[in-house]
Structures are given as C-alpha cells and as structure tokens.
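Got two chains here, each in a separate frame; can you build the complex from them with the hints?
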Amino acid sequence: MIASLHPALPLFTGAALTAFFGRKTGGAVSLAAALASVWAVSILPGDGGAALALHPAGLTLEFLRADRLAVLFAWIFTISACLSCLFAFGRQGGPERAATLAYAGSALGAVFAGDMVTLYVFWEAMALAAVFVILAGGTEQSRAAAFRYALVHLFGGVCLLAGLVLLAAKTGSTAFTAALLADGGPGSLLVLAGFLINASAFPFSAWLPDSYPESSPTGGVFLSAFTTKTAVYVLIRGFPGFDILIVAGCLMILYGLIYALRENDLRRLLSYSITNQVGFMLVGVGIGTPEALNGACALAFCHILYKSLMFMSAGSVIAATGKRTLTELGGLFSAMPLTFAATVVGAMSLSALPGTCGFVSKPMVLAATAEAHMALVWLFLEAASAGTLMYAGLAVPYFVFFGQSPGASEASKTASPRREAPVAALAGMGLAALACLGIGVYPWPLYALLPFAAPEFVPFSPGKITAVFELLAFAGLFFALYVPVLRRKPGITLDTDFFYRMGGRLLYRLADAFTGSVNTAAADMAARAAAALNRLTAQGPQRLAALVVTLFFPLLGKNAHRLRDEAALAAQTWTPPVGVTLAAALLGLCLFLILLL
Amino acid sequence: MKKRPSSPASPPPADRHPAAPPVAAGRRLALRLTAGLCLASLGAGLVAHGPAHFGFDGFFGFHALLGFLACAALVLASGLAGVLLGRGEDVYDR
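Heads up: the protein sequence lines correspond to chains F and S, in order. Numbering (our numbering) for the first sequence: 241 to 837. Numbering (our numbering) for the second sequence: 13 to 106.
In case anyone wonders, no lab produced these hints; they're calculated from the structure. These numbers were taken from a predicted model, which means no experiment stands behind them. Take these hints with a grain of salt, some might be off.
What the hints assert, rightly or not - If you want the footprint, here are the derived chain F segments under chain S, 3+ residues with CB under 8 Å: (1) 446-456; (2) 694-708; (3) 712-725.
Claimed, not checked - Pairwise CB distance ranges, derived in the manner of DEER restraints: (4) S:Asp105 x F:Ala763: 48 to 56 Å; (5) F:Lys729 x S:Asp105: 17 to 25 Å; (6) S:Ala85 x F:Ser244: 45 to 53 Å.
We treat Cβ as the ideally placed atom computed from N, Cα and C, and that holds for glycine.
Bound-form chain S, shown alone (with noise of 0.2 Å):
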C-alpha cells in the first residue's frame, strides 16, 4: 500500500504572528471577547440604563467607568502595599 505522503503543515492565521506563542494568542482572543463584552454591555445599557440612586450615577457607562477605575485604583494601591510591607517568604523564618 503506497503512502500518502503527510500534508504540509497549515500556515499560522493571518492575524497571527508566526512566532506568536499560544499565550499570546489567548491573550489576544481573551481581549477581543472582553471588548466585545464590554461593547454589549454598553449597548445593553443604551436600552435598559440602570437605577440612579443619587443622581451622579444616572449617565450613560457610569457601570463602565466606575469598573474599570475601580480596578485600576485597586492595582495602584496594592503596588503600593507591595512597595511598602512586601517581603520574602522567609521573613519569619529568619
């Protein structure tokens, strides 16, 4: 039985780096998801806005904007708490 001869393997994505590695093309799938999340989120919000309790929440993508902020000043803080009590596992085995 004659064999066939094995296919060349399939050329990377167009989108795709050819030396992208795998983590960096979930990454960028996992960015795309989230945007398009996010867009929906914002275009579900065009139609049913949520309840304004104070008058400062009532424009639209506040949601959006006090989460991302919210994340971001998180992240300043604990680098900030890395900065100032961060140390190595051993600190009380010294």
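Looking at chain F on its own, in the form it has when it is part of the complex (with noise of 0.2 Å):
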C-alpha cells in the first residue's frame, strides 16, 4: 500500500509523455495525470505526518511538507488542473500541453517544499513552465510577452536567491519557515520582494495584464490560478502579520480596480482583477490573525475556482469569435448561452454575491479587518468591493454577450458565431460553475479544511446577507445608470511596464550607438592597417633595395644611380625559385624552433 505519493509526480509524469500523443489523446493522459494528482493529495495525511527529505552535501532538502496549510493549497490546485485539463481537452498542442501540466506540477513541489533551496528550485522551475504556456500563444505579442514575463520572473528568482544565501549565512539554516524570516533584515527582506513580485505587488505588477492576455485561450485558464496564489502561499507561510503587506495589498486593489476600470481587453481586465483579489489576500496575511490568514486562504482557493472559470468563459469567447476586446465584443448571448451561465457565476462569484463562494470568503478578510479595528481598511475592503461589482461583475457579462459598442463595426456586429464552446469546455465550465455555487451555498468542508485554529466563520446572518445585498444592489444601479460612460474605448492606460519596455529599448538604442560608433572606428582602423601593409609589401622591397645600394654610392661613383634604380626594378619584379623560397621558409622554420627550444 502507498503511504504518500508526492502529488507533484503524477504531473511531471503527464508531462513528460503527453507531448508524444495527439490532441485527443495527449488530453486524455493530462487529464489522468491531473486526476492521479487528486488522488494522491487525498491520501496525505495533511497533519504534517507525510515527509520526503534528502540529505545532500549537509543540506535538507525537504520535498514533502505535508501539513494543513500545505494540502490546502494541493486541493485546489489539483483540482483547478483537472477542471483546465478537461476545459484544454483535445484543443491544446504537444507542448502546451508539456508546459501546462509542468507549470502545475512546479506550483505544487513549491507548496509542499520545506526548505527555501527546494522552493526556490520549484518556484524557478514555475516561472520557465509558464514562459513556455505564454509562448505556446504562437504570436509575435506572445513571443515578446513571454521574453518580458522571463525578465522579470528572473529579477525576482535572484531576490530569493540573494535572500537565501543572506539567511543562511546568517542563520546557518535553509528552513523556510515565519520564524526565520521574521528578523526583517536584508536577506528576509530580499525574500520578501521575490515573493511580492510573483503576487503582483505594485508596483512589480504589470508583467500580469502583459503575459496573461498573449497566451491560447486554454493556456490563460491554467495562467490565471498558480504564480501569483503560490506567492500568497508563500507569504502565508512566511510573512504572516507583516504590516507592509496591508500597505501592499491595498494598493493592489486600488490599481486593480482603476486600471480594470478602464480596460478594453476582455482577458486584461480579468487580469487585473486578479491583482485586485489577490490584494483582499495580502491585507489578511498583512493582519496576521488566524482569522485572516483563514480569510487569506479561503480567498484564494476560491477565487483560483471563480477566475479560472472567467478564463474559461473568456477563452471560448475569444475562441470563438477570435475577437478579444469590449468595443469588439457584445450580442453573443443568442449565441452562446451557457457560456454567458458560467461568466455570471463566475462574476457573481467575484463579486460576492451570497449563494457564491465569493460570499463565505471575502467577508472572511472584511470581517478579520474589523475585528484588528481598522477602520479605514476595513471601509476601503467595503468600497472595493462594490468596485468589483462595477468594473467586472456586471461590466463583462453585459459588454460581451448584451451591449454591443456604438462604434463597433458591422462585421464585427454580425459575425457572432452560431456555435457555443465545445462539449469539454461546457464540462469543465460546468464543473467550476457548480463548485463555486456548491462551496457558496454549503462552505462547511472549505472550512474544515482551513489551516489555522480560529472560531468558525458563521457567513449566512440575516444582516450579513443584507448589508451584502444594499451595497451590490446600489453598485448595480450605478452601473445601469452610467453604463455609458462605463463603456470602453480603444487603447491602453500606460502601467509600470513602460518603463522596463520603453527602458529597455532606450537602452538597446545607447548600447546600439555605442558599439556602432566602436565598429565603424574599428572597419576605419582595418582599412588604413590594410593600406599600409599594402604599401609596405608593394614598395618595401624596392625601396630596401635602394636604400642597400645608396648605402655604397661613394664606392660606386658614376653608375651609382643607373645601379640604385636597377636593383629597385629587380627588387620589384624578381619571382625567386620554388625551391630557394622553400629552402628559406625551412629556414625560418628551423631558427624559429631553435629560439623556442
């Protein structure tokens, strides 16, 4: 009987054989390795009694840290593989399929690692898996995204890497544990901003709404739920209570609501919704108390299910219709009606909506806020969260499959498909669907599940449930009172990345100025070397001829210049033999090896 299987291996299985069958069958097996992971998490024993250590050099390599926290995480990633692999089935090519299934497999080695050397393996091996799913887009913007996506994910595996070797020269120990990251000098520190750039912290958060969008419709379901909830695991694990994660993570609801406010990119706007959610998640972490850190993690697991459900939603319009933004979109109801169901649970999730999974999670976060007495964070968690009703759960539903722009085209207004999303895609939406209601209506075995001993979340009070309801319902008035001035309009709003892309080609400009001028200074210096060895060997041995014979003029009296200008005619047109050439050359040759020698 098998004790514990790490649920990592099932997909780096999957992985390494699915790329060698064809669509329909390469879907099969990464669907049996996502399966096979499942089970492998449900026969952990979750208490922290199944350990896989290696010893190696004096280091503790420890791949198998199995406690409650660390199965949390497992279940929902697990499960939101295998939901991606039956939404991906028979659609995805060899590679993405590969670098999906070792995308997830690398999340989870990072939540069970016990040690900061096994993470940063995992968390680096993460970031290569998800460069090779954006680039599986097959764009010239996905090449370019996924280049930007490894800059930057390469800055911050060398924070952790920096942060590791100052803590363990420090601290003598490789644990990755609160208690060593606690001491808040450079090494933790360092740690720290690894972490926050993989969370999508402002202002290292544009490499999000950059890369996400650029990948298939398939590889942004699987984008959408691992790097940046692994970060609120990591800083779960490591930074709980730390005050400048509140800091952090209100801005990154801030900057998630304006700039998703403002985007015309349907998959954009969901990636800054992201950012937005997870910063909920870092202002529980920030607080530190069971009760938030609970918040924290029933937040992501279920928000990992709700976005990955807009990501499917997202996905089959963008395949269907091969149009990806609000101003292109709209009037695909007819169309596609069960896609429509899912995106409004899915919002409606993200919204919490009671009867959603959004409502027994968030409210967690909200309530552990006003528990610390924070006020202000507490009124702002409020207003955002009638923000997120705004700018995606009413906003998306409506541009995509009612409102029609104004201004679009009418090619684009009448080439709305006649076909809804294939039949797996319909499954694996249903299931998400289903899961987010089920968790929203019976939230029980979630909160079973939750790590940190804290009295019970108790989500379904008559005035929860009513204060719930007055800030949506008033959300959703605005929203169909300004829905014009809601609409979206063409462009981007400039985010951080403009400076590392407008940077970088500056940059490229200097370094091309600069070694242009050296290359044009070094072709200018071959040219005149190669002009006067040019002249040298051309006039040099008639002028030495000269010069010899000059040398003997008072010897030579009258004939003194006809013999100069022979010797200079012979010394220019005479061909030695072959053989006294060679005869020198040995000559030269045997000299040579004597100085040597």
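Put into structure tokens, the structure is as follows:
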C-alpha cells in the first residue's frame, strides 16, 4: 500500500508523456495525470505526518512537507488542474500540454517545499514552465510577452536567491519558516521582494496583464491559477502579520480597480482583477490573526475557482469569435447561452454575491479587518467590493453578451458565431460553476480544511446578507445609470511596464549607438592598416634595395644612380625560384624552433 | 384556400417611444430592475441591519450610500488615470 505519493509526480510524469500523443489522446493523458494528482493529495495525512527529505552535502532538502496549509493549497491546485485539463481537452498542442502540466507540477512542488532551496528550485521551474505556456500563444505578441515575463521573474528569482544566501549565511539554516524570516534583515527583505513580485504587488504588477492575455485561450486558464496563489501561499507561511503587506494589498486593490475600469481587452481586465483580488488576500496575511489568515486561505481557494471559470468563459468567447476587446465583442448571448451562464456565476462569485463562493470567503478578510479595529482599511475593502461588481461583475457579462459598442464595425456586429464552446470546455466550465455555487451554499467542507485554529466563520446571518445585498444593489444601480460612461474605449493605459519596455528600448538604442561607433572606428583602423600593409608589401622591397645601394654610393661612382634604379626594379619584379623560397621557409622555421626550445 | 390577411404590426408599448431603439428599452428595463432591487435591499435593511463595527457604519442605508459613492469615486479616479496615462494602442509599436 502506498503511504504517500508526492502529488507533483503524476503531473511531471504526465508532462513527460503527453507531448508524444495526439490532441485527444494527449488530452486524456493530461486529464489522467491531473486526476492522479488529486488522488495523491487525498491520501496525504494532512497533519505534517508525510515527509520526504534528502540530505545531500549537509543540506536538508524537504520535498514533501504536508501540513494543513500545504494540503489546502494542494487540493485547490490539483482540482484546478483537473478542471483546466478538462476545459482544454483536445484543443492543446503537445508542447502546451507538457508546459501546463509542468507548470502545475512545479507550483505543487513549491507548495510542499519544506526548505528554501527546494522552494527556489520549484519556484524557478514554475517561472520557466509559465514562459513556455505563454509562448504557446504562438503570436509575435506572445513571444515578446514571454520574454518580458522571463526577465521580470528572473529578477524575482535573483532576489529570492540572494535573500536565501544571506539568510543561510546569517543563521546557518535554509529552513522555510516564519520564525527564520521574521528578523527583518536584508535577507528576509529580499525574500519578501521575490515573493511580492510573483504576487504581482504594485509596482511589480504589470507583468501579469502584459503576459496572461497573450497566451492561448486554454493556456490563460492555467496561468490564472498558480503563480500568484503560490505567492500568497508562501507569504502566508513566511510573512504572516507583516504590516507592510496591508499597505501593499490596499495598493494592489486600488491599482486593479482603476486599471480594470479602463481596460478594453477582456483577458487583460481579468488579469487586473487577479491583482485586485490578491490584494484582499495580502491584507489578510498582513493582519496575521488566525481569522485573517484563514480568510486569505479561503479567498485564495475560491478565487482560483471563480477566476479559472472567468478565464474559461473568456477563452471560449475569444476562441469562438477571434476577438478579444469589449468594443469588438457584444451580442453573444443568443449564440453562447451556456458560456454566458458560466460567466455570470464567475462574475457573481467575484463580486461576492450571497449564494456564491465569494460570499463565504471574502467577508472573512473583512471581518478580520473589523476585529483588528482597522476602520479605514475595512471601509476601503467594503468600497472595493462594490467596485468589483462594477468593473467586472456586471461589465463583463453585459459588454460581452449584450451591449455592443455603438462604434463597433458592422462586420464585428454580424460576425457572432452560431455555436457554443466545445462539449469538454462546457463540462469544465459547468463543473467549476457548480463548485462556485456549491461552496457558496455549503461552505463547511472548505472551512474544515482551513489550517489555522480560529472560531468558525458564520457567513449566513441576516444582517450580513442584507448589508452585502444593499452594497451590491446600489453598485448595480450606478452601473445601470452610467453604463455609457463605463463603456470601454480603444487604447491602453500606461502601466509600470512602460519603464522597462521603453527603458529597454532606450538601452538598446544607446548600446546600438555605442557599439556602432566602436564598429565604425575598428573598420576604419582595419582599412588603414590594410592600406599600410599593402604599401609596405608593394613598395618595401624596392625601397630597401635602393636604400642598400645608396649606402654604397661612394664606391659605385658615376654608375651609382643607374645601379640603384636597376636594383629597385629587380627587387620589384624578381620572383625567386620555388626551391629557394622553400629552403628559406624551412630555415626560418628551424631558427624559430631553436629559439623557442 | 383563402389566404388570411396579415395582421397589422402591434403598436409599441405605451411607455416606450416609437422611435426608441431596443438598446434604450433594455437599459430602461435594467434601470427599473436595479431600482427595484435597491428598494428591496433598503426594505431588508429595515428588518435586519448589517453588523455595525465602528459606529459610523450603524446608520440606515450606510452600505447603500457606500456602494454608490464608492463607484462614483472609482469612476472619477479611473477617468483621471485615463487623462494622465491613456494612450493609443500602438504606443509600444512606434
């Protein structure tokens, strides 16, 4: 009987195998690998009892630290991988299937890592696999976005590695515990910076809306689940109660709200929404009480479900229409009613409407804020919850499935497809929607999984329901009143990626100018040297002969000038026999060898 | 078989302008629906008010006011961001 199996192993095995099969067989292999990883999580004890560690060169590499926190994230990661594989069934190429499974496996490896070295290895593997998932988008934009993603995450990885080295040098330990990271020194701050870059904390946030929308319609579903939530997991484990995370979380919430309100590209809007929602989680981590940490865990769990669902529906719409902006989309309700229903469930869960999973998780963070007597933060989070309904909860279903932009071309108005998403995609969306609603009405299994000892949260009190109902109803009224103002327009809003995109371009131009001038100078020098060598070989022998004859002018008398001219002419025109040339060469070589030895 | 004359087109509803496009009618319906939901939420608030944590959040209609004003503030902030940071889609292609 198998006592415990690392849940990442089936995913890595699937990644190694799936690329060798066709789309449908390979899709079945991917799905089987994801289901096997769910089974592997189900047989873990979940109380820290399972452990798998190696001890090479004095290090302790702990690959399987299966405590309650790790198991909670493992559950949602593997469930999400299953739903995503089902959604993508038969539509992914071999490289994309392998990359997505390796990506999910690396995220699981990071979740179960018990030391910083193991965490770093899986952290970088996750970034590398994500680069290939983005590359599978197959466009020029996806290649450029993957390159920028790699640069940003390389920088984050360097921060993490530097912090790890500094911490190990200071403490002599590479264990991944909050106690070790709590000293606030340069090492722990570098580790925190590495984690925050992956969490898309402002101002290191632009990589997310820059890269995820450029992936394929199926790749985006995987990307939406793992990187940022792995960052939330490591922050919960490593930095609970760090006040700076409350500020970082609030900035992320505001940033996500403002940019999502202006965003025209459907998946970029959802990407800003990820940053917005991760901000709520960071506030919970920053508060650091067991209630707040449980709230962050529950929100991360539910967020993966409803954001995957929204990326699935967005991917279905984009795959069906070939269009990706809200100004081009619209009027798809009659063609894609089931996708519309899935979108509504995802959007209402995102808005924390009663009866959805958002309602039983997000208020946990707000309640923890209130219990910590942070009035301004609580007020801000309540206001942001209303804004969430406006920027995505109503905007996405309305602008995609009903209200077409008055400026949309006639071609785009008539080009709506007469077909739904494929059956497998609908099944994936349907199961995700059922999970969102199921947790929304019966959250106790989720609450039982929460890792921190705290009084159980009571979501369904009449007062809480009416307060949320009031908040969302009036946010909805605002949307209905000002929908023409909220309609998106073509164009982009400059983000912090401006600095490295334009800065990179400026650096390229400067480097180009510098290396160009060096190149020109070197070419000029080479041309002059060649001309001088040409002059030397063409005129050197005759000048040397004339010079030698000139030395003997007093001895030569009146024939001196004639003899000098004849010697110069002979030096210019005389060709020695081959034998003489060969003998001279051999003699020179022998002299060289004698001198050398 | 005698063909039945086609029935004349039904007149537009009394509350709808004859020239009003379907989009405007849909928007009017959405406005009525959300206004009804708002009234219902306020009515529910009379029966069971949300928990007051800090004192300032204890008055009737607090969440309604917060929801509406928060949306207004966010739209203003995003408009300002658009003025300052909005660019054409080809800004990185030039």
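Results of checking the hints against the structure:
Coverage of the stretch 446-456 of chain F by chain S is violated. Counting CB-CB distances below 8 Å, 0 residues qualify, and the rule asks for three or more. Coverage of the stretch 694-708 of chain F by chain S holds in this model, with 8 residues showing a Cβ closer than 8 Å to a Cβ of that chain against a need of three. Counting residues of the stretch 712-725 of chain F whose beta carbon lies closer than 8 Å to any beta carbon of chain S gives 13, which reaches the threshold of three, so the coverage claim holds. Under the hint 48 to 56 Å, the C-beta atoms of Asp105 of chain S and Ala763 of chain F, about 32 Å apart, miss the expected range.
Remark: the range hint 17 to 25 Å for Lys729 of chain F to Asp105 of chain S is upheld by a beta-carbon distance near 19 Å. The hint said 45 to 53 Å for the Cβ distance between Ala85 of chain S and Ser244 of chain F, and at roughly 51 Å that hint holds.
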